[in-house]
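K.L.:
Sequence:
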Amino acid sequence: MLVSTPAIVLHSFPYGETSKIARLSTRDHGVQSVIAKGAARPKNRFGAGLQLLSEGVAHFYLKAHRDLHTLSAFDVTEQHAALAADLRRYASAVAVAELILRFSPAEPRPEVYEMLRAALDHLVHADARRVPQVGLAALWRTVAILGFAPSVEVCVRCGGPLGARARFSVDGGGLLCPGCGAGVKAGELGPLDQQALAAFVAGATDAPDLAADHLAAHRRLLVRFVQRHVAEDRDLHALTFWETAP
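So for the sequence shown, my numbering puts the first residue at 331; every next one is plus one.
Keep in mind that the hints were calculated from the coordinates and are not lab data.
None of these values were measured; they are calculated from a predicted model.
Please note: incorrect hints may appear among the correct ones.
Stated by the list, open to error - In silico DSBU-like pairs for lysine-lysine, Cα to Cα no more than 35 Å straight-line: (1) K367 / K350; (2) K367 / K393; (3) K373 / K393; (4) K350 / K393.
Please build the complete structure, drawing on both the sequences and the hints.
P.N.:
If you want it as structure tokens, here you go:
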């Protein structure tokens, strides 16, 4: 069955001498693998359409109970060149793509596709000084929409109010109130950092401005949380690169 759906390229690589395999985040069919026959030839009908983060409409033959489908065409609408021109924007975008590639199912999840599309748009248009916050928001929102959101509004242990000096427990999966956090090895977050974290998880692009050392701490926190609760200690190369990018 030939289907057409908005899609974004999450990954692509050569297959054989003349073809490519691409992994797509699609609006209507979740994450799907497609083979683009002839795409590695100098002159081919796909052109540069299968580059990482290219956005467009994918036309492919969807076969039930198959893991690889044949791509007929990919009509590019946006290649997000501005992302490739800025290391911080690009690092955030490919880290989001990696999470979706690895952990979003091959079933209809239009909210995942729409979130990715919005995240790329926000990263393209963000003011340069806001890129770190926008990247954090994109990644935390991805974690949340995949079903791994931490508890950031109430204590993850007792459900009570957090107070001014909450602690974030990676193992516990969220913030702890002062009572539950007493004696727990966990990072302390003041009111501004709590407010920023809640905004990031909600995907808000207007999170409070944070000093560079606080932004670095938030990056480390997100990576530790993803490794513990999402990746189950598997390597995520794009996320590691994002954490260490300038």
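K.L.:
Hints first: check each against the structure and report whether it holds.
P.N.:
Now for the hints, and whether the structure bears them out:
For a cut-off of 35 Å, the pair hint linking K367 to K350 stands: about 7 Å separates their Cα positions. At roughly 17 Å between alpha-carbon atoms, K367 and K393 fall within 35 Å of each other, so this suggested pair holds. For the proposed pair K373 and K393, the alpha carbon gap of about 28 Å is at most 35 Å, so the pair holds. With a CA separation close to 18 Å, the supplied pair K350 and K393 stays within the 35 Å bound.
Consistency note: the structure conflicts with none of the earlier hints.
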